[in-house]
Amino acid sequence: MEKLALQLKDVSKHYHGFTLDNISFNVPQGSIVGLIGENGAGKSTTINTILGLVQKDSGTISILGEDHIDAVCKDNIGVVFDGNNYPDMLTPRQLGNVFENIYNTWDKKIYMEMLEKFKLPMNKKIKEFSKGMKMQYSICVAFSHHSRLLILDEATSGLDPIIRDDILDMFLDFIQDEENSILVSSHITSDLEKVADYIVFIHQGKIVFSKPKDEIVAYRKQDYEWQILVENRHLAQKKYPDAVIVPATIDEIMLMYMVVSSNL
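Quick note, in UniProt numbering, the sequence shown goes up one by one and the last residue is 264.
In short, the hints are calculated from the structure, not lab data. Ideal Cβ placement from N, Cα and C applies to all residues, glycine included. One or more hints might be untrue.
Claimed, not checked - Only pairs whose alpha carbons sit at most 30 Å apart, straight line, appear in this in silico DSSO-like list of lysine-lysine:
| id | residue 1 | residue 2 |
| --- | --- | --- |
| 1 | Lys-127 | Lys-213 |
| 2 | Lys-108 | Lys-134 |
| 3 | Lys-43 | Lys-211 |
| 4 | Lys-131 | Lys-117 |
| 5 | Lys-124 | Lys-109 |
| 6 | Lys-194 | Lys-206 |
| 7 | Lys-206 | Lys-9 |
| 8 | Lys-125 | Lys-194 |
| 9 | Lys-131 | Lys-3 |
| 10 | Lys-206 | Lys-109 |
| 11 | Lys-119 | Lys-109 |
| 12 | Lys-131 | Lys-194 |
| 13 | Lys-43 | Lys-74 |
As the list claims (entries may be wrong) - So the derived label-pair ranges between C-beta atoms look like this:
| id | residue 1 | residue 2 | range |
| --- | --- | --- | --- |
| 14 | Cys-73 | Asp-160 | 16 to 26 Å |
| 15 | Asp-214 | His-16 | 34 to 44 Å |
| 16 | Ile-102 | His-68 | 31 to 41 Å |
| 17 | Asp-177 | His-16 | 38 to 48 Å |
| 18 | His-16 | Asn-123 | 41 to 51 Å |
| 19 | Glu-116 | Lys-3 | 10 to 20 Å |
| 20 | Met-89 | Asp-177 | 19 to 29 Å |
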């Protein structure tokens with residue numbers, strides 16, 4: 001049986017004007033799952049509900065085998081939000097001392113190595129960091145207490161391409177032992193194309209699909225052609241040698257599913 005780091009079953013949350021509508025998906029252990037969707041689709045609400053920052057109205061959430069976030073040891077989950085979540089007046093050196101008292105598995109050596117890797121100043125206040133530096137710092141913290149599950153909300157937002165590539169490589173290294181797992185929401189779908197094993201597409205509070213990245217299929221009619229997503233483009237090329245078959249981006253896949261769902 002497949003081991004799951006995270007499982008959502010029929011999770012709902014109602015707001016005025018928006019409903020997270022009975023969503024279900026899994027994060028298999030040892031995998032990276034990309035959560036995609038347009039602004040306002042429910043990505044952040046989903047993540048906040050998983051973390052217990054928002055109280056769900058119904059459904060179940062299992063995290064590392066536990067039925068509630070409070071039962072999961074804080075050492076086991078690393079979280080990165082789009083924005084700064086640390087006291088602005090403290091420096092990385094001061095915060096490191098704080099985290100030593102928060103996390104039982106805090107690893108000062110890794111923390112220092114990460115700060116050096118990203119060239120983050122030890123004695124500069126967080127409020128003086130740029131948005132990109134704050135994001136890098138959040139990633140440093142998430143990787144410095146031996147997390148088993150990373151939950152990342154727009155973790156590569158505001159980073160230059162070179163730093164983004166380094167961080168994506170870190171994500172891939174993180175899951176190599178097949179014990180660690182990542183759920184990452186991102187508007188930068190090209191990042192997910194590089195690292196994600198599974199894609200969960202949420203649209204207007206509903207899950208459109210939750211599939212392995214290579215098994216996403218849809219189609220739409222254009223003025224003079226049909227555009228079709230196929231599971232195996234090499235096999236399709238052999239079967240239909242006169243067809244034009246090219247790799248689809250996640251953006252194209254998302255757009256196609258949105259068009260298809262709007263026509264249903």
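Taking the hints in turn, this is what the structure says about them:
no.	hint	verdict
1	Lys-127 to Lys-213	violated, 38 Å
2	Lys-108 to Lys-134	holds, 19 Å
3	Lys-43 to Lys-211	holds, 17 Å
4	Lys-131 to Lys-117	holds, 17 Å
5	Lys-124 to Lys-109	holds, 19 Å
6	Lys-194 to Lys-206	holds, 25 Å
7	Lys-206 to Lys-9	holds, 13 Å
8	Lys-125 to Lys-194	violated, 33 Å
9	Lys-131 to Lys-3	violated, 36 Å
10	Lys-206 to Lys-109	violated, 42 Å
11	Lys-119 to Lys-109	holds, 15 Å
12	Lys-131 to Lys-194	holds, 23 Å
13	Lys-43 to Lys-74	holds, 22 Å
14	Cys-73 to Asp-160: 16 to 26 Å	violated, 34 Å
15	Asp-214 to His-16: 34 to 44 Å	holds, 39 Å
16	Ile-102 to His-68: 31 to 41 Å	violated, 20 Å
17	Asp-177 to His-16: 38 to 48 Å	holds, 44 Å
18	His-16 to Asn-123: 41 to 51 Å	holds, 46 Å
19	Glu-116 to Lys-3: 10 to 20 Å	violated, 34 Å
20	Met-89 to Asp-177: 19 to 29 Å	violated, 37 Å
Violated hints, in rising order: 1, 8, 9, 10, 14, 16, 19, 20; the structure is consistent with all others.
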